[in-house]
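There are 4 protein chains.
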Amino acid sequence: MEALRELVEVIRDLYLRGWLPATSGNFSLRMDEDSVFITPSGKHKGKLTERDFALVDLEGNLKDGQKKPSAETLLHLTIYSMVPSAKCVMHVHSPNATVISRLANDKISLKGYELLKAFGLDTHEGEVVIPIFENSQDMSFLAKKLKDYLFEHHDTVGFLLKSHGVYIWGEQVSQALMKLEALEFLFECELKLAIISGK
Amino acid sequence: MEALRELVEVIRDLYLRGWLPATSGNFSLRMDEDSVFITPSGKHKGKLTERDFALVDLEGNLKDGQKKPSAETLLHLTIYSMVPSAKCVMHVHSPNATVISRLANDKISLKGYELLKAFGLDTHEGEVVIPIFENSQDMSFLAKKLKDYLFEHHDTVGFLLKSHGVYIWGEQVSQALMKLEALEFLFECELKLAIISGK
Amino acid sequence: MEALRELVEVIRDLYLRGWLPATSGNFSLRMDEDSVFITPSGKHKGKLTERDFALVDLEGNLKDGQKKPSAETLLHLTIYSMVPSAKCVMHVHSPNATVISRLANDKISLKGYELLKAFGLDTHEGEVVIPIFENSQDMSFLAKKLKDYLFEHHDTVGFLLKSHGVYIWGEQVSQALMKLEALEFLFECELKLAIISGK
Amino acid sequence: MEALRELVEVIRDLYLRGWLPATSGNFSLRMDEDSVFITPSGKHKGKLTERDFALVDLEGNLKDGQKKPSAETLLHLTIYSMVPSAKCVMHVHSPNATVISRLANDKISLKGYELLKAFGLDTHEGEVVIPIFENSQDMSFLAKKLKDYLFEHHDTVGFLLKSHGVYIWGEQVSQALMKLEALEFLFECELKLAIISGK
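Protein chains in written order, with this note's numbering: chain A, 4 to 202; chain B, 4 to 202; chain C, 4 to 202; chain D, 4 to 202.
Next up, chain A with everything else stripped away, as it sits in the complex:
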């Protein structure tokens, strides 16, 4: 499948950038009304192939594939249920995302950057807010918090889990990648500015 092949290639590239250390991160692709391809648990992200993906329904039941789906499957499914346009979800552990999630409290506000337009803004003069949720091993609890947040904030482009990593989504693999690259770029700029300004 074309989109799955494209996603596998993206995952390998992101591994090489160092955003998926130690088998971390997970990725999914919505196929139709009731099926989602999702990466397996605990697999080296530089060596993933199309055959490694698990196929689950929207309740997370395994429909096909021999691998155990990612422990964070429920977060992916929550995004698909709350954001109907989302067809691809990406979750990575870049150092910048993890560091910035520990420095801020419950959100990061990104302002003034031209690259904000990657999130659909018409101008650099807008603001994009990235919420930060406390990390938890209780996926139902996290999914509930995420669902409530997305219900209240329709314009959400992604979120951080504290000391953990970032989630982002798009209407295709390429759009999710574009938003992920934009967010990582903005986190890197914000951290460099914080270092220099001594914040």
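Worth flagging that the hints you see were computed from the coordinates, not collected in a lab. Be careful, since some hints might not be right.
Only pairs whose alpha carbons sit at most 20 Å apart, straight line, appear in this in silico DMTMM-like list of lysine to aspartate or glutamate [said to hold, decoys possible]:
1. B:148 with B:62
2. A:165 with C:130
3. D:114 with C:137
4. B:90 with B:141
5. A:71 with C:125
6. C:46 with D:9
7. A:114 with A:128
8. D:90 with D:109
9. A:182 with A:62
10. C:50 with D:5
11. C:50 with D:174
12. C:50 with D:12
13. A:46 with C:16
14. A:150 with A:53
15. B:46 with A:137
16. B:71 with B:141
17. A:71 with A:53
18. D:114 with C:141
19. B:165 with A:128
20. D:46 with B:16
21. C:90 with C:12
22. D:46 with B:9
23. C:46 with D:53
24. D:120 with C:141
25. D:50 with B:62
26. D:165 with B:130
27. A:147 with A:137
28. B:46 with A:9
29. A:46 with C:12
30. A:165 with C:193
31. C:70 with C:60
32. C:165 with D:9
33. A:165 with C:12
Using the hints provided, position chains B, C and D relative to the given structure of chain A.
Frame of chain A, contents of chains B, C and D only:
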């Protein structure tokens, strides 16, 4: 075309360095008196091919190609009109360029570096000034400010748009790349020095 | 041999990441009760092949191979003798590991990160302690200190040698690599946080 | 020629690491009593081939090759004349080397690192001093200062030119590369420590 092929290869390399995140950046090549190849709007810069370029005249009208030319075409054309020797214009969004553009006011002064010679200076003892323009979504307004500045400052080697990125040009692809690499190197040094000296 | 081939590939990748500068670092693979493949002394880690490894017994005597085994062979053998499940030992000189080993006193405490789960923890709420030993050229002395420490701390996942580098191990090449990537990621996060918080 | 082929490959790798931006840097290989291959002036270091090298005698006169030898040829020849064991000289413009040369006064002292052993020390407890010379466009003047320094300090392993870059040498290409990687690693560690300790 040889120069276009060379430019495509450079663009892919710059994408891999992380200077063109999220489909950002744009590049052009002046072909003759009245035609310029320019990258299309919103295309992944790691996957660009020669066929993706749009051909425009010096007023920005599309002469050939199926893609919409970059929204910043007018800035490229302004450079070609004000700097007759320029045959290639490069615009990238490296984190260093973006960060330094937010730290300084209206210009950055680079002094004392051997690599200043990449801009045609005879010695490291000269100075290169990189102006910073406020970012704007009004390309006519930005083009006017750029034109006025270049009219007054014939020795300009490039400029920054605040919170946005850097523009540079050269007499061929290789010279524009050389100047871009020099500028990025100098921005990186200046930022590291600012971090350490606590500025 | 499959595992040795896998290890050689990992070593080349780690060289390209800059964690094995100047022929530094060493790696070993336990084959059976009394034989260990170990990298030779002073060889460029980006150009290593399977044939470069020395085969030693658990006292460090050369059983096969034309190369001199790494000067740090004794540390590898101490790990294999104290941690029976370990089948692969990795030692790298990443800048982050070296820098953090000079900043802390005798240990680094890692807390709150999701990626701690790479070390077998069930939750991000645990703690992983990485001891730091004073560097020494006396391998018997170092091996004795390491042995004593591992005897007292069965849950040790790796250790630092001050101003030198990091050691880590796993039940296969892939697990050792996973733990190494996790540790490097955590060191990078801790250093960035230290820079920003001005510690 | 084998050694020249090896050197060309090293140069391309160093370009990809970002240590040779904007056609900067130069490299040479001593062939015999009176001939030295040296890189040409102003050539992209990622695209260099064996045929691009100029062959000069020990006074710097062109013996063969169509390219103009590097403007810094005299510094290479001074090293060969003062350090008879040197067969390969490398000069790069890494950001770390350039930044550290601006922070320190006339020398950098490197102490306590295991990797100091790359310079022939028996232990990490020694010290390596890297002198920093003021940059100059007068190569005869610089060569004279270098010659005087090397005459007084036989154990010199390399030197910095302020705001410019680093020079290092070795008995073969591989040894020069090893020393260069060690020095770059140590500069990176020193800069990170300076940033964190707020020096």
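We went through each hint and held it up to the structure:
1. B:148 with B:62: holds (17 Å)
2. A:165 with C:130: holds (16 Å)
3. D:114 with C:137: holds (14 Å)
4. B:90 with B:141: Cα-Cα ~25 Å, so violated.
5. A:71 with C:125: holds (17 Å)
6. C:46 with D:9: holds (15 Å)
7. A:114 with A:128: holds (7 Å)
8. D:90 with D:109: violated (27 Å)
9. A:182 with A:62: Status violated; Cα separation ~26 Å.
10. C:50 with D:5: holds (16 Å)
11. C:50 with D:174: Within the cut-off at roughly 19 Å; holds.
12. C:50 with D:12: holds (12 Å)
13. A:46 with C:16: holds (18 Å)
14. A:150 with A:53: violated (29 Å)
15. B:46 with A:137: violated (35 Å)
16. B:71 with B:141: The hint holds at about 18 Å.
17. A:71 with A:53: OK: residue 71 of chain A and residue 53 of chain A at ~14 Å, within 20 Å.
18. D:114 with C:141: holds (18 Å)
19. B:165 with A:128: Roughly 12 Å between the alpha carbons, so the hint for residue 165 of chain B and residue 128 of chain A holds.
20. D:46 with B:16: holds (18 Å)
21. C:90 with C:12: Distance of about 17 Å is within 20 Å: holds.
22. D:46 with B:9: holds (15 Å)
23. C:46 with D:53: violated (25 Å)
24. D:120 with C:141: holds (14 Å)
25. D:50 with B:62: violated (36 Å)
26. D:165 with B:130: holds (16 Å)
27. A:147 with A:137: holds (13 Å)
28. B:46 with A:9: holds (15 Å)
29. A:46 with C:12: holds (17 Å)
30. A:165 with C:193: holds (14 Å)
31. C:70 with C:60: holds (15 Å)
32. C:165 with D:9: Outside the cut-off at roughly 34 Å; violated.
33. A:165 with C:12: At roughly 33 Å apart (the allowed maximum being 20 Å), residue 12 of chain C and residue 165 of chain A break the hint.
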